[in-house]
Amino acid sequence: MSDKELLEKLKNIVTPYVQDKEGLENFDENTDFLNDLRINSANLVDVVLDVEDEFNIEIDNESMNDMLSVLDAKNIIQFKLARK
Amino acid sequence: MIGNDIVDLNTAALQSNWLRRGYLEKLFSENEQCLILNSQFPERKLWLLWAMKEATYKTHQRRFKLPRSFNPKQFKCEIVAGDKTSILGKVQIQDFSYRTQTFIGEDYLHCIASQFQQKKTVQKILSHSTDIKQELILAVSELKKLPQTKISIKKDRNFIPYLTCDGFTINCDFSLSHHGIFSAFVLSLTQS
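Chains A and B are the protein sequences, given in the same order. Going left to right, the first sequence walks through residues 1 to 84 as this note's numbering numbers them. Going left to right, the second sequence walks through residues 1 to 192 as this note's numbering numbers them.
Bound conformation, chain B alone (with noise of 0.2 Å):
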């Protein structure tokens, strides 16, 4: 399974205000908030760390079909190593762990939480654009050798999008994410 979640930097500065009172407390574990806090860029940290947990969360629920919730505290982040252009991470739920990358751009960070290393994605992230779904529906279409007019993206109930062929479920693993002017999406190619 696989998940992803963009963060648009400039838009999270306009959102969020990080620095309210009880803003860090809710979200992150006293051990995220030292890593956070003793950055030297720690609204970048916190962003990062932020991702992480969505593109986990992503990944966790559709493995198990679960239902939404909003629990981002109990994903448990680790920095493993990066340099300038990515981060390898750990996030732990429950017993259960993933790995994330997240590249780093001038103005977005975009993480790809995974339940194996993933050895064969196809990843793009648009700025401005209005069809980040139609992108998804072509890489699909040659992936799988369908007809692009046929496929189409549904949400099952609880809301996690599928992807379908003429009426028939596509069994693909990917993942959508909107934030600011940045939409992405992430494919396995690894997947029957």
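In isolation and in its complexed conformation, chain A is listed as follows (with noise of 0.2 Å):
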């Protein structure tokens, strides 16, 4: 899967969650979930969630820690997509 496409299936899991709309215009590696996109820490656990369906990865808690923006997120999917 490239990057591309990696990045426009976690646009379409996280923009559900997102309370500052603006941050999705910009929707890059370098946006960050609390940050940029104002995605509520109790919504955090349902973007895990998406992206364990979508991508049929399992994601453990230590990984779950890290996903704070969007780089956290792509690099932990290639990593988890890596060792299936």
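For the record, the hints were derived by calculation from the structure and aren't laboratory data. One or more of the hints may lead you astray.
[Said to hold, decoys possible] With a straight-line cut-off of 20 Å between C-alpha atoms, the simulated EDC-like cross-links for lysine to aspartate or glutamate are: (1) B/K76 <-> A/D60; (2) B/K26 <-> A/E58; (3) B/K26 <-> A/E22; (4) B/K73 <-> A/E58; (5) B/K154 <-> A/D32; (6) B/K26 <-> A/D36; (7) A/K9 <-> A/E58; (8) B/K73 <-> A/D50; (9) B/K133 <-> A/D20; (10) B/K154 <-> A/D66; (11) B/K120 <-> A/E58; (12) B/K26 <-> A/D50; (13) B/K26 <-> A/E62; (14) A/K74 <-> A/E54; (15) A/K74 <-> A/E58; (16) B/K26 <-> A/D20; (17) A/K11 <-> A/D66; (18) B/K154 <-> A/D36; (19) B/K73 <-> B/E30; (20) B/K73 <-> A/D36; (21) B/K65 <-> A/D66; (22) B/K155 <-> A/D36; (23) B/K73 <-> A/D66; (24) A/K9 <-> A/D32; (25) B/K73 <-> A/D60; (26) A/K74 <-> A/E62; (27) B/K155 <-> A/D32; (28) B/K84 <-> B/E135; (29) B/K76 <-> A/E62; (30) B/K26 <-> A/D60; (31) A/K80 <-> A/E54.
Assemble the dimeric complex from its two separately framed chains, guided by the hints.
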């Protein structure tokens, strides 16, 4: 899967939880889930669960700890996909 | 150190589907899941435990100047006592223990976590308000006898907010929180 495809999928996943829609306009690797998109912390777990379903991977607690930005999520997804 | 978290119960019900597969398991220990599922009001119990974890996370992060992290399961909650207006709890993270008190409103839960028993705090909850930050600045200005117009709120590299007056950091223990229509702060009066 290309980086572009992965980012597109990720953008679709986070969109329902985004409270600052302006943040979506500049969605890229540097986008921060909390500061840029204002995703509520209680919804971070939804992002994690949706990523698990979409990519058919399991995100363990340790990986979840660091999933606070698009770059974090991308790295974790790629790592997990490579190990499948 | 002190931290707080406010949960807008109506917003929470709209934003989160706690019954989805994996949701409880990712956030709560087995004991906590039992507490939730055996409760007469499972959803309220869930948000109570969540607020306890979040408020404690903020306190712990400030205390050790930690980078951000999303590790709710590491914060282990215990309910100590409670009545209809507030619930006392204890939250353990690694070897550190924090006290919590959660105030129960009709549409919100407001949890304050602290390292020590807080004898004197100011707390404020606003609904539909535009500016909780201004309220905090006002309270700090009165507490520290500093001009309100010179106080501002900044964030450090770990995204932890702090206050400055004329460019100098104010030594002040506080925490801000927002959710749905509610915003809140807690400010400790005991620190110098």
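Each hint, compared with the structure:
no.	hint	verdict
1	B/K76 <-> A/D60	holds (18 Å)
2	B/K26 <-> A/E58	holds (11 Å)
3	B/K26 <-> A/E22	violated (29 Å)
4	B/K73 <-> A/E58	holds (16 Å)
5	B/K154 <-> A/D32	holds (18 Å)
6	B/K26 <-> A/D36	violated (24 Å)
7	A/K9 <-> A/E58	holds (17 Å)
8	B/K73 <-> A/D50	holds (19 Å)
9	B/K133 <-> A/D20	holds (19 Å)
10	B/K154 <-> A/D66	violated (24 Å)
11	B/K120 <-> A/E58	violated (45 Å)
12	B/K26 <-> A/D50	holds (13 Å)
13	B/K26 <-> A/E62	holds (11 Å)
14	A/K74 <-> A/E54	holds (13 Å)
15	A/K74 <-> A/E58	holds (14 Å)
16	B/K26 <-> A/D20	violated (25 Å)
17	A/K11 <-> A/D66	holds (18 Å)
18	B/K154 <-> A/D36	holds (16 Å)
19	B/K73 <-> B/E30	holds (10 Å)
20	B/K73 <-> A/D36	violated (25 Å)
21	B/K65 <-> A/D66	holds (16 Å)
22	B/K155 <-> A/D36	holds (14 Å)
23	B/K73 <-> A/D66	holds (14 Å)
24	A/K9 <-> A/D32	holds (16 Å)
25	B/K73 <-> A/D60	holds (11 Å)
26	A/K74 <-> A/E62	holds (15 Å)
27	B/K155 <-> A/D32	holds (15 Å)
28	B/K84 <-> B/E135	violated (28 Å)
29	B/K76 <-> A/E62	holds (16 Å)
30	B/K26 <-> A/D60	holds (9 Å)
31	A/K80 <-> A/E54	holds (13 Å)
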